[in-house]
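A.B. asks: Sequence:
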Amino acid sequence: MINGLVFTVGTLALALSPATVSTHIRLTEIPVLVVGLAAILAANALLLRSSLAPLDQLASSMGRVDPPRRSDRIDDRGTGDLRHLIASFNAMLDRLETERTSASGSALAAQEAERARIARELHDEIGQSLTVALLALKRAVDKAPTGLRGDLHHAQDAVRGSLDEVSGIARRLRPDVLEDLGLHSALNALCSEFTQATGVDVVKHLDAHLARLDPNIELVCYRVAQEALTNVARHAGADKVRVDLHATDEHLTLRIADDGKGGVVTAGAGITGMRERALLVDATLTIDSSSSEGTQIRLIVPVHVQSRPR
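First residue of the sequence shown: 1, per the working numbering; consecutive thereafter.
I should point out that these hints are in silico values taken from the structure, not numbers from a laboratory. Treat the hints with care, as some may be off.
[What the hints assert, rightly or not] For lysine-lysine, the following BS3-like pairs were computed, each having C-alpha atoms within a straight-line distance of at most 25 angstroms:
| hint | residue 1 | residue 2 |
| --- | --- | --- |
| 1 | Lys204 | Lys240 |
| 2 | Lys204 | Lys138 |
| 3 | Lys240 | Lys261 |
Full structure from sequences and hints, please.
C.D. replies: Spelled out as structure tokens, the structure:
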């Protein structure tokens with residue numbers, strides 16, 4: 001249609017204008033032909049460029065597609081076949097994100113179930129065995145000669161330390177405080193444990209009036225904060241961490257920022273896991289990492305969303 005329109009206009013211009021072309025082209029007619037050809041090509045190029053502009057948006061959107069992130073849809077629907085192509089591309093993105101979210105949800109649900117199973121076994125099996133061993137050592141200390149009591153006390157301390165460590169691992173694997181008391185109390189406990197384990201100060205600004213949320217939203221926020229603090233302990237070399245949690249009628253925002261070395265270039269398994277968890281509740285996860293200002297992780301969750309079952 002575009003090319004037909006251009007050639008129709010060119011034909012009408014040639015027919016209605018005083019310009020003529022002889023059987024043997026004269027030198028005076030050559031500029032007229034050149035100008036006419038240039039006008040036709042320029043008009044054709046401009047019309048095609050404006051008509052095919054949505055293809056540039058489509059190619060740009062294809063280049064930005066990243067599995068762990070939510071991709072933007074193309075608003076410009078184009079015309080004709082382009083409209084069908086863009087609609088098909090948007091529908092493909094919807095299917096891919098739905099399937100990816102479903103697969104990630106199943107994998108993370110299995111992971112949480114396995115965490116809970118391991119935590120129960122640590123508490124019920126290993127924890128009880130260590131408790132029995134601790135009681136047996138206490139009875140042995142009471143009956144042992146004075147010369148052996150020192151060694152038995154050292155053994156008691158070692159078993160007691162192992163019992164505390166097993167209990168700590170079980171709590172990290174299965175945060176009972178999250179299910180019993182909610183996200184605010186769970187983050188408070190997580191920050192306190194982090195400070196005790198690493199010596200890094202945590203400045204907390206947690207919304208004390210935060211109501212109980214969907215269990216999946218609370219779990220995602222807790223796991224993101226847990227992974228972020230773990231990364232701070234392992235890689236940041238920070239002296240201070242800020243943990244902010246506040247909610248509005250529409251969004252819940254969690255922010256973890258440190259004053260460490262930052263400079264995160266590639267996403268490891270921990271960051272990829274955080275992005276996958278964020279997708280489960282339609283949340284937006286952004287990571288800003290400057291070598292001079294540390295790393296900031298921000299999770300924004302729409303609180304009205306119906307999250308996937310865990």
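A.B. asks: Each hint should be assessed against the structure and marked as holding or not.
C.D. replies: For each hint, the structure was consulted:
1. Lys204 / Lys240: 11 angstroms, holds
2. Lys204 / Lys138: 41 angstroms, violated
3. Lys240 / Lys261: Between Lys240 and Lys261 the Cα gap is close to 12 angstroms, so the pair holds against 25 angstroms.
In this structure, only the earlier hint numbered 2 is contradicted, and the remaining ones agree with it.
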